[in-house]
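With chain V fixed as given, assemble chain L onto it according to the hints.
So the sequence lines, in the order shown, correspond to chains V and L.
Quick note: the first sequence uses our numbering, first residue 2, plus one each step.
Quick note: the second sequence uses our numbering, first residue 11, plus one each step.
Keep in mind that the hints were calculated from the coordinates and are not lab data.
Incorrect hints may appear among the rest.
Looking from chain L toward chain V, a few residues come up when the C-beta cut is under 8 Å (computed) [stated by the list, open to error]:
hint : residue
1    : Gln63
2    : His78
3    : Ala80
4    : Ile88
5    : Arg94
In silico SDA-like links for lysine to any residue, alpha-carbon gap of 25 Å or less [as the list claims (entries may be wrong)]:
hint : chain 1 : residue 1 : chain 2 : residue 2
6    : V       : Lys64     : L       : Glu105
7    : V       : Lys319    : V       : Gly287
8    : V       : Lys64     : L       : Pro81
Don't be surprised by glycine CBs; every beta carbon is placed ideally from N, CA and C.
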Amino acid sequence: MPSSSHLRSRKIFTLFLLLACPALMAQDVPIISGGIGFLNSTNAGVNFFQPVLAPVVAIPFGKHLLVESRFDFREFYSRKDGRSGPYQGTFFKSTQYLQLDYIATPKLTFTVGRFLTPFGTYNERLSAIWIPKLQDAPLIFPIGTRTTGSSDGVMLRGALISQPKMQVHYIGYFSVLSGADQFQSARAAGDRIDFYFPGKRIEIGTSYGRFLQGTHNNSIGVHFWWLPWQSPLQVRSEYAHGEHAQGYWLEASYRLSQWRGPDSILGRIEPLFRMQQVFRNSPGSGDGLPSADTQQADFGLDYHLPHEVRVNTSYSRKFSADGNANIWDMSLTYRFLFPVWRGHK
Amino acid sequence: MKITQKLCTAVWIAALSVASAIAQNKPASSTKANNASKPPVSTHAPSPAAGAQDPGERKFQANCSRCHDAPEQLSPRITGTVLRHMRVRALLSAEDERDILRYLAP
Chain V
2 MPSSSHLRSR
12 KIFTLFLLLA
22 CPALMAQDVP
32 IISGGIGFLN
42 STNAGVNFFQ
52 PVLAPVVAIP
62 FGKHLLVESR
72 FDFREFYSRK
82 DGRSGPYQGT
92 FFKSTQYLQL
102 DYIATPKLTF
112 TVGRFLTPFG
122 TYNERLSAIW
132 IPKLQDAPLI
142 FPIGTRTTGS
152 SDGVMLRGAL
162 ISQPKMQVHY
172 IGYFSVLSGA
182 DQFQSARAAG
192 DRIDFYFPGK
202 RIEIGTSYGR
212 FLQGTHNNSI
222 GVHFWWLPWQ
232 SPLQVRSEYA
242 HGEHAQGYWL
252 EASYRLSQWR
262 GPDSILGRIE
272 PLFRMQQVFR
282 NSPGSGDGLP
292 SADTQQADFG
302 LDYHLPHEVR
312 VNTSYSRKFS
322 ADGNANIWDM
332 SLTYRFLFPV
342 WRGHK
Chain L
11 MKITQKLCTA
21 VWIAALSVAS
31 AIAQNKPASS
41 TKANNASKPP
51 VSTHAPSPAA
61 GAQDPGERKF
71 QANCSRCHDA
81 PEQLSPRITG
91 TVLRHMRVRA
101 LLSAEDERDI
111 LRYLAP
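The shape of chain V in the complex, shown without the other chains:
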């Protein structure tokens, strides 16, 4: 006779299948997407490399529900004694988001679970390994995202206004304190408001986050994006101010696609430049930010290979009271996307 736990498992499985049926009929087949990458970096003479797998799963249930998640598995290899000795690896895994979205109305979506902390633009939009043009995250990334970049709780989001000339987006969230493995998060709340002008492809937005445990403090951020029509120029920037530091990054890239098209040898090349500065207001141990005022210039050169493969290379010069350094990065990433099953034609 099956135990009560087995019966409960069967009921849950049956419920899962019943919920999945509408998705099957609607041909909204669940997807597995994500990226595979090999990252190599030499920072101040210390070399390390990381093979990474970052899968994304999205499963729709009917017209209003979506379960989506992204994980990160990586092995971090570095020399035993920094610059000498044999390489040794350490395995890291993380759940970056695992959330249930309920699309309640055309302009409102409820999200519950673990989600990417919506502070600034980098974390939500550019942190997947197959998207950023430079391998390293901006120096100010931990401001507002509290180093892990993920929150456990609830979130409301949507497009308040969606007109051809202007869009206004909003996000509000509340996160609870959690120490569970893979689901660590802090008690916090925050919001983000974006004003986007599609005619100019200009976006201006603000972010706010309040840390609600221990010493309560605020983080504020402003971002500006400009991606002009008819040009492969892309300009992105952010400013953030936290309890112990403030700073900005400004990135400009230009893919040479206007010479012979995006699929030509030349058109696949994308040079870019990023300037960033961080200013320390006070010591903040363990906050993930540089321990002293830092200026850094990043010179990148990316190559977009066919079949979703990309090579990113960059040289960075860091100027800091803690010591100047050269940083050389090179990464190879592959982005994949396919249905979980074949589905109906």
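Leaving out everything else, chain L in the frame of chain V:
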């Protein structure tokens, strides 16, 4: 010199050599003309055309390609799932989702 520095330097030199060699040739036709020969679902041109007539195409270029290149191929079986995923992540309205879906899976 570390291996990463060598690799980066080699890639940069190769790219500059190719760029200088090709740039001396006569430029080819514009990106817009290049796009005209592609099927609608092939949307990964990185310099979007402001004059796109299809509202779905225009919305795709205005919203989706701001952050990433479009997938080179998109199976019709998963278009709905991808759009719902991106609706949440990119804060698209229901109308934008419909128009882009119609553009990607006509």
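Does the closest beta carbon of chain V sit nearer than 8 Å to the beta carbon of Gln63/L? Violated: closest Cβ of chain V sits about 13 Å from Gln63/L, beyond 8 Å.
So, as I understand it, the hint says His78/L touches chain V; can you test that by seeing if any CB pair is closer than 8 Å? Cβ of His78/L sits 5 Å from chain V, so the hint holds.
Pairwise hint evaluation, Pro81/L against Lys64/V, where the allowed Cα distance is 25 Å at most: Holds. Lys64/V to Pro81/L sits at ~23 Å (cutoff 25 Å).
With chain V as the partner, please determine if Ala80/L meets the hint condition of a C-beta pair closer than 8 Å. The hint is violated - Ala80/L has no Cβ within 8 Å of chain V, the shortest such distance being about 10 Å.
Holds or violated: the hint that Arg94/L contacts chain V, with Cβ atoms closer than 8 Å. This hint holds: Arg94/L lies near chain V, its Cβ roughly 5 Å from the closest one there, short of 8 Å.
Next pair to validate is Lys64/V with Glu105/L; report whether the Cα-Cα distance is within 25 Å. holds, 14 Å
Would the pair Lys319/V and Gly287/V pass a check requiring their Cα atoms to be no farther apart than 25 Å? holds, 20 Å
Verify the interface restraint on Ile88/L: the C-beta must sit less than 8 Å from at least one C-beta of chain V. With Cβ-Cβ at 5 Å, under 8 Å, it holds.
The structure is inconsistent with the numbered hints 1, 3, although it conforms to all the rest.
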